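S.K.: Listed here are the chains, written in short residue letters.
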Amino acid sequence: MNDTRITYLTDVALITCIVTAGRGDAVIRAAQAMGAAGALVYHARGVGPRERLGLLGIAIEAEKDVVSVLVATDHQDAVFEAIYRAAELDTPGAGIAYITPIEKMATYVPREILQRVPGQRASE
Amino acid sequence: MSVGTPDGPAPIPGTAAKLIACILPDDGTERRLLQWLRGRKGITRANSVYCRGHSALREATARRGKLPDPLLMRLVTIVVEADEADALFDLIYEQADIHRPGGGTLIMQPLAFATPFVLPAGVPNENGGPTGDL
Numbered sequence: 001m002n003d004t005r006i007t008y009l010t011d012v013a014l015i016t017c018i019v020t021a022g023r024g025d026a027v028i029r030a031a032q033a034m035g036a037a038g039a040l041v042y043h044a045r046g047v048g049p050r051e052r053l054g055l056l057g058i059a060i061e062a063e064k065d066v067v068s069v070l071v072a073t074d075h076q077d078a079v080f081e082a083i084y085r086a087a088e089l090d091t092p093g094a095g096i097a098y099i100t101p102i103e104k105m106a107t108y109v110p111r112e113i114l115q116r117v118p119g120q121r122a123s124e
Numbered sequence: 001m002s003v004g005t006p007d008g009p010a011p012i013p014g015t016a017a018k019l020i021a022c023i024l025p026d027d028g029t030e031r032r033l034l035q036w037l038r039g040r041k042g043i044t045r046a047n048s049v050y051c052r053g054h055s056a057l058r059e060a061t062a063r064r065g066k067l068p069d070p071l072l073m074r075l076v077t078i079v080v081e082a083d084e085a086d087a088l089f090d091l092i093y094e095q096a097d098i099h100r101p102g103g104g105t106l107i108m109q110p111l112a113f114a115t116p117f118v119l120p121a122g123v124p125n126e127n128g129g130p131t132g133d134l
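Order-wise, the sequence lines are chains Y and W.
Numbered continuously in our numbering, the first sequence closes out at residue 124.
Numbered continuously in our numbering, the second sequence closes out at residue 134.
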């Protein structure tokens, strides 16, 4: 069932985590364990630390997984910490993570969910 | 951004802008959206990349300790002028059929500064390129 009315969702944040290719699944599992509804992953090629580390740079894969997770701002700190721990970002060269504020978001929200929100009226 | 001086380099053109990102199923919606943006709205600052989508709200089977197989998704990013962003957000919501189950997600983020993307004049569209007709 389609519903063309737009429900704007605010108080949403985007957590992005860039880790070595193959480590993205651990990040997703950690985020979903904390309640994140989904994640998006794409590949990227990283540059920087490999050059600085010289021969040791071979230990750091250039291929990266970029994992993006949308979360409610109420939960962003908890999800972010879970991701940080899962990705072992305290290890040099393991990757980075950051949070971006989202101004607004829209997606399909089933009518029965909207009806539970105070102030929303169901229209037939 | 920077202010040019008579002797210095020209100032960098651009303004504050918004980034609209669409997470879309890989069913051709993204191509139609890009054509519509270019043909009808004259928007050239739009890009699309393949992504793996992992949704917790989808029924799927997985091996123990493993994630279910992801869905192939498209991430379309569009840079638009700040004062046009709200209207375009609503139009994209309709145009990309976000309002259907599994239709994807639309988000908008503020950008401190964005340069324009001006195409060379007099260069024809590639064959099969955007015409604005859907």
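Derived from the structure by calculation, the hints contain no laboratory data.
Since we're looking at a predicted model, the values are computed, not measured.
Quick reminder that beta carbons are idealized off the backbone N, C-alpha and C, glycines included.
Careful: at least some of the hints might be erroneous.
[Said to hold, decoys possible] Reference listing, derived: stretches of chain W covered by chain Y, where coverage requires no fewer than 3 residues with Cβ under 8 Å from a Cβ of chain Y:
hint: 1; stretch: 27 to 35
hint: 2; stretch: 43 to 53
hint: 3; stretch: 85 to 94
hint: 4; stretch: 104 to 114
S.K.: Are the hints correct? Go through all of them and say.
M.R.: Hints and how they fare:
Using a Cβ-Cβ cut-off of 8 Å, 0 residues of the stretch 27 to 35 of chain W lie near chain Y, which falls short of the minimum of three, so the contact claim is violated. Coverage of a stretch by a chain is defined here by at least three residues with a beta carbon nearer than 8 Å to that chain's beta carbons; for the stretch 43 to 53 of chain W and chain Y the count is 5, and the condition holds. Interface restraint, the stretch 85 to 94 of chain W with chain Y: holds (4 residues with C-beta to C-beta distance below 8 Å; minimum three). Check result for the stretch 104 to 114 of chain W against chain Y: holds, 7 residues qualifying (beta carbon to beta carbon below 8 Å, three or more required).
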